[in-house]
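Undergrad: Heads up: the sequence lines are chains A and B, in that order.
In the working numbering, each residue's number is its place in the first sequence (first place is 1) plus 2.
In the working numbering, each residue's number is its place in the second sequence (first place is 1) plus 16.
Hints are not guaranteed to be accurate.
[Claimed, not checked] Pairwise CB distance ranges (calculated):
# : chain 1 : residue 1 : chain 2 : residue 2 : range
1 : B       : Leu426    : A       : Thr13     : 37 to 43 Å
2 : A       : Gly12     : B       : Leu426    : 45 to 51 Å
3 : A       : Asn73     : B       : Pro455    : 56 to 62 Å
These are calculated hints, taken from the structure and not from any lab test.
The model shown is predicted, which means the values in this text are computed figures rather than measured ones.
Virtual Cβ for every residue (Gly too), placed ideally from N, Cα, C.
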Amino acid sequence: MPPHAMLLPGTLDVLVLKAVSLGPLHGYGVLLRIEQITKGALLVEQGALYPALYRLEQQGLLTTEWGVSNNNRRAKFYRLTLAGRRRLQVQRANWQRLADAMAAALDTRPGEV
Amino acid sequence: MWTHLRLRFAALFRRTRFEHDLADELAFHVQARADELERRGLSSAAARRRALIEFGNAERIKEEVRDVRVGRWLEVLRQDLHYATRRLISDSLFTTVTLATLALAIAGNTVVFTLVYSVLIRPLPFEESERLVEVHRRVQGAVQQSVTATLFTFVRDASKSFESVAAYDVVASGVNLTGAGVPEHVSGVRATPGLFDVLRVDPRLGRAFAAEDAIVGSEAVILMSEGLWRRRFGADPAIVGSSLRVGGEAHRVVGILPEGISIPHEVDVWTPLRLVPSGEDQANLFQMVARLGEGVSGDQARAELGTVTAAFRTQYPNLLSGDVSLELRDLQVSMTGSVRTPLLFLLAAVGVVLLIACFNIANLTLARESVRQVDTAVCLALGATRGRVMRRVLVETGLLALLGSVLALLVAGTLLPLLIRIAPGDLPLVAAAAVSHRPVVLFTLGLGLVTGITCGVIPAIQTGLGDAKASLVSHSGRVAGSRRAQRFRVGLAVAQVGLALALLQGAGLLTYSYLLLQQVDPGFQPERIVSLQVPLSGSDELTTAGVSTRVDEMVDRLTALPGILGAAAVTNLPTEQGPGLPFDIVGRPDDGGDLSGATQWRMVSPGYFETMEIPLVRGRAFDTRDRSGAPPVIIVNEALALQYFGTTDVLSESLVIGRIMGSEFADPPREIVGVVGNVRELGLMQPPPPQMFVPFAQTPDRYTQFVSQVLPLTWVVQTATAPLGFIESIRSEAMRGAQQIPDVRLLGGVMAAAVARQQFNVLLIGIFSVIALGLCSIGVYSVAAYSMTERRREFGVRAALGATPLGVLWPAMRQTASILIAGQLIGTVVALGMSRLLGSLLFELSSMDPGVLGTAAALLAIVTLTAGALPVKQAVDAQPAETLRED
């Protein structure tokens, strides 16, 4: 297993949004999906997941629906709203900018300053 | 749309549902993990254990989720409040008008509720006051009578249900406090020593009465109230043990009693009641109160009372007639029962006024919201939920209403003393009423909250249903939503009309009933009568000769005064409680007469009937030949003659009074020499009772004695002109050479006091109705005005095309007319529901009286149609060219 980094505060929300954007999921499914899409590099603390899900729902970025899981049990599914989708786009752009800036900064060679 | 809204509201309040769902969701998660672990090879039990450990503390996670939820909710609320405050401050006209309306309307409710609370709800200020009861006699058919000394003593000794028992007797016209300063008329109560055990009251200073004080012949003692002690004696502790002249007799002050223990009114002094149980004395009546023993219930006590009554009948076969039983009632209910219905009715009425005001505010809010339609549409488009938008409206009205209710508390605090001042004097327990009691404050704030929701619910729904796209696209303000808003407005107006009708009808019935009551012929002429009462003191002679001389002497002195047409003496004034005695009819040994003691008995001096202008139906009135030693005579009223003889032709029949009271009360047979008209002795609302009159001079000593112990000497004086101007001269004449301070009153005032309650009700309901009518007409006006604005172009066109004003009027008024009709239908239904409640307050008037109901409906119709016609007139008056030019 590749080394995993600790989750920076605030990143959980955007990861949840991304996970759900790929298709409606229940809580456990979100956990698995995040593990999948980060290729195991980021670990989600189980205790933080549900408060985050509820927070995002309250903010109107997620909407919920009770449904049946693939082993026939009753589960609550989360889906992205329009606002959620927009937020995800914004966050993605922010992260990209941040990553580019950090990369540029950290790659600066002595002679380029 | 509606489903969505319903779900939203449901979600806001379903906390248990939320908890349930959360638990389910977390359980699913754990189970899913366990399943995966099982798939990876762990045993079922080990997988589950591992999954639980990995998940961590479920309770803590739940707590955090709950916090997210609450935190969000509080945050949203804070935002809404901030937004609402800004809006209210910017729209200051609306805010001021609404705040003022709400403050006044809620204040009205607060004030009436304060009365309701202080009188009906708040327990009496005694320890465990729910264990206090009152015992009285109940004659079948609802007449209630106090108990006699014999009955009291018997019940007290035979009952085991009571921890303590007492009797008391309110001295009718007060007693005189003389010596040590200005003579003063104070209110007094005679009570057995047990009273302070029943009430569980400890004196502030000194001691209460002891058993010895109630023994005939023991030293005269007196207890003073704290109020009198502070007021007159400057709270000087040395007063205890000193002597006071009360009622002309010296009493030693043995203690000071704390404030607030007056039953049922403020009392200044207490003297011991010395009961002499005697089979003969059936006319001295007392209030009997008791405290239920430990663990004894009201029903148990009642059951025992039944047995005791039977035992009493066995021992004293003649003293309790068959149709009389003993009744036990909770003391507070007993004291306040008669004002319960009117007070509750007042509360309902003022509540109706508030409701009508709420609808007006809802209307105003609807108008404001429709102006902001674009605003709301933008919010919705940006992603706000409809629930959120609706909540904002409710927060705004809720905030207004809460502020209004705080203001209302202040307003009510000022109004309450005014209301107490005009309230009838015999309203029990009002002295301690105050707005600052916690239940009153809670009620007011709670009412504010409910009001806020009521005002806001319809505008909120209207806003929530708004179509975002449509209002953004259109520009002339004519949107589909405003049609719906108009429908709401019409609905509100209909409700207002309905409520106003119900209130008007109630007011009309009460007013008419009061007028009928005023027109009741009391049987005499109170207008120009001044009454004079002088309580007898211990040192006064209580023989007939002595009293009769005194009475005649005063009559002579009074008649000699200028402007006095006549004067006479009587045992007591009409409508004030007087003696009733049993009698037999001579010649009908077992059957004739009234042994129950309910027949009213009066001693009068010659000239009484002339002075009071009581008509003489047959025979003659008393005159100077009816003196002591002359043949004993009696005069009866029509009611007695008809009830016991079937005809008024009863002259030369004879009656014997008080035979069953024993030899002490022996009275010779008296010949009926006259029949007089009926007098409403028991009050204007009660039918006139049978009554008998005997001359002062011919009464046996024993009768004079027993009357004088309880009643003052009373004279009535007829003046030639307005009686007010004669009070001083009569008073000074009465005080000449006397030690007592006379109580001089206008009989007209006494009669007015008898209808004081009805007057109070009518006054308040009248005020409420007028306010309701005003608010209602504002509501109707605004609905009509709005629809006029919509249709101004239409009317401009009509007028330009030459339509007459009348031709324009009808289509315009159609809406108002339909509001009126619908509202009146609703109002009639409400009134029907109220009619039973109202019936008990009315005097000789059916609560469905068509004349009154019709008048109320007509009045409402006139006001409503006028309010609806005003905007039409304004629209018609506008120049057609102008309206056509505007877009």
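Undergrad: Which earlier hints turn out false for this structure, listed by number in ascending order?
TA: 1
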